[in-house]
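Using the sequences provided together with the hints, build the complete structure.
Below are the chains, spelled out letter by letter.
Protein chains: 2
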Amino acid sequence: MNEAKHITISLDPAAPRKAALSALLEQIMAAYSVSDDEGPLTDAVERFLSGFPHLTVRRHGDTVVASTSLGRERRVILAGHLDTVPVIDNFPPRWLEPGDPLIRPEIAREHPSERVMWGRGATDMKPADAVMLYLAATLTAPRVDLTYVFYDHEEVAAEQNGLRKVAESHPDWIRGDFAIIGEPTSCGIEGGCNGTIRFDVVTHGVAAHSARAWMGENAIHKAADILNRLNAYEPADVPVDGLTYREGLNATLISGGKGTNVIPDECRVHVNYRFAPDKTLAEAKALMMGADAGAELGNGEHVATGGVFEGYGIEMRDESPAARPGMDAPFARRLAALVRERTGREPMAKLGWTDVARFSQLGVPAVNLGAGDPLLAHKHDEQMPESQLELLAGILVDALA
Amino acid sequence: MNEAKHITISLDPAAPRKAALSALLEQIMAAYSVSDDEGPLTDAVERFLSGFPHLTVRRHGDTVVASTSLGRERRVILAGHLDTVPVIDNFPPRWLEPGDPLIRPEIAREHPSERVMWGRGATDMKPADAVMLYLAATLTAPRVDLTYVFYDHEEVAAEQNGLRKVAESHPDWIRGDFAIIGEPTSCGIEGGCNGTIRFDVVTHGVAAHSARAWMGENAIHKAADILNRLNAYEPADVPVDGLTYREGLNATLISGGKGTNVIPDECRVHVNYRFAPDKTLAEAKALMMGADAGAELGNGEHVATGGVFEGYGIEMRDESPAARPGMDAPFARRLAALVRERTGREPMAKLGWTDVARFSQLGVPAVNLGAGDPLLAHKHDEQMPESQLELLAGILVDALA
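Residue numbers (the UniProt record's numbering), protein chains in the order written: chain A, 1 to 401; chain B, 1 to 401.
Since the hints were made in silico from the structure, they are not lab data. Remember, it's a predicted structure, so these values are computed and weren't measured experimentally. Heads up, none of these hints are tricks.
One copy or any two copies: either way a pair holds, since identical chains are not told apart in the list.
Under the rule of at most 20 Å between Cα atoms (straight-line distance), these lysine to aspartate or glutamate pairs were calculated in the DMTMM-like manner:
1) Lys222 / Asp200
2) Lys258 / Asp200
3) Lys18 / Glu390
4) Lys165 / Asp36
5) Lys379 / Glu106
6) Lys222 / Glu315
7) Lys258 / Asp381
8) Lys258 / Asp89
9) Lys379 / Asp265
10) Lys379 / Glu266
What follows is the structure, encoded as structure tokens:
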């Protein structure tokens, strides 16, 4: 897919906002940009933004950062990732006309006479990208300075994340007083996010022929206790700054054994702990493996000295901190009031991990606010009713212009 | 490995028995014959046996059957498989001279001044093949008629087994009153064998993003109960016809999950039940999944209606019946007496499944009697002290000549 055709993004200055937004969405949806293949779309975004004299455009890897420099007292960051999860017969995308059987029933019911954008990225998160491109092009004199971040590799392991790389290499590019990430929220505000850690819990045994099982030690049988502990664990609902975060502790993968007639000498249970923003990463890890287990990303297996998996081998696989909701910031209150007025929705806790947490680590309060239903992200039939574009753009223009 | 060089088996009629046996072993050990690649060795065995006018030689696939037709009252079958498990840096084989550090300590201790054959197949089961080739060539007037079976695909799934194919296509080729299978027993007699069944025990769940685990149902967590049942199961020691069979019930493989951030919708525990010859295959299956579950090889998943795994999905993967020890047959008593005299060993129960069970199904009592330590079968450092050849040949010549 690397030989993607040349992509051009253009905006007709004479077009009404609704038409301009839809045209921008069409253009970026048509660009195949599964993680690792964002390059051509990034190039097009960079060229597009470089055409506006009110923006300073910088690039690091496949991430583009464009900023106004109006000397305003405050600066708001608008960030969206350009990559998507892999396609599954849902590329190229297209508009579904009203009545199309591919339109999900709940969308057809609520938006009976609307076109629906269908295909990979239709919620996660090209609609928000399209709105941000529109704002970047048209908000030449906003009430706050603005920084737009279009980044790569959000849908894969945290260490590849383009926003993370910019935060590490050029933290000055993304300084600000508040950040909005365009992850899909159906134009509601979702504040903060749960943190997540993933790790293998490992049992060891002794291999033997299964006809002489007593000469070995069965590592899969030993994993019963790990699964029993998972079943005994009761996930908590944790209130933080007025929003409620629902935690979760789950085995997502399990593997063990070397052959059908061999007593297995190892079993690995891959566990994902999603924890509320009342806990630091270190506190969350301590609850799983004790405070001094010593297991870090890339340093192999260490025995849990406490916590849920005390006594078992632990190998860290991924970790990302939680973020407290940024709802006490003044701009957040203003944004929340606008969202309440246009959608009737109150701010909610974000459950999945998003780059909100990355801004939180940089000391920038951040929320998610994007078009499209978050439950459709990564689905085969990812789709979004067209009016979400105008709704999101309206809220942001009124908050920023 | 299919381009194996042309293999020739020859026997110097003037050589003493010890030298002749060692020479035969060298020749067949040098032939690479991992399952699927037995062909060239089978060809050589067929050519070798066809040179003796007292033998009628037949072939089916890569299995060679050679018989005497002396009109004796009774017929004894001698069977050995020609294939080996895959090589792991243990091919080509070689003789280790006394003092070689590759000789295992227990063998060096018991056979201090002996050469040791080292390499793939050195116990399982080319020594017995060599002895049988020697008997085939030299026993021109045995006291019973003899049928030699050299067969393929013993070390892989039961449906590929060459002896099974001959039993199905040409049962008349392998009729007899008693059978000796040359699986390694250190020249002791091992009677009968445990049966074995393998099946997947399956749990089902509902996939969801692990950030919203409550929207799914975790199939790996459900497998806890399966592992708990395995841990609660106490394997029995079962006496049958005076020999004791040790049973075993083990998970040998486990797998589940689709991604690190996805609540798993399926988990499979691959279980191996080794059961004593007091049970038929149907009885063994009933103990695991109930008598009327309906799970058969190749017919997909069925819910266990009883037994250890009642309530779970079962998919049958492999099954082989047990065999009662054939030690009440008159020839078996004679053979047992000779073994007792030469080795001091009493007949024992065979634990692993062997083709003894296949003869048992054909109504032919059968035992295992072969050279080499069964605990070294399939090991990287498979090896056998040279004197085992002469010990085995002596017992068989005195029993048969």
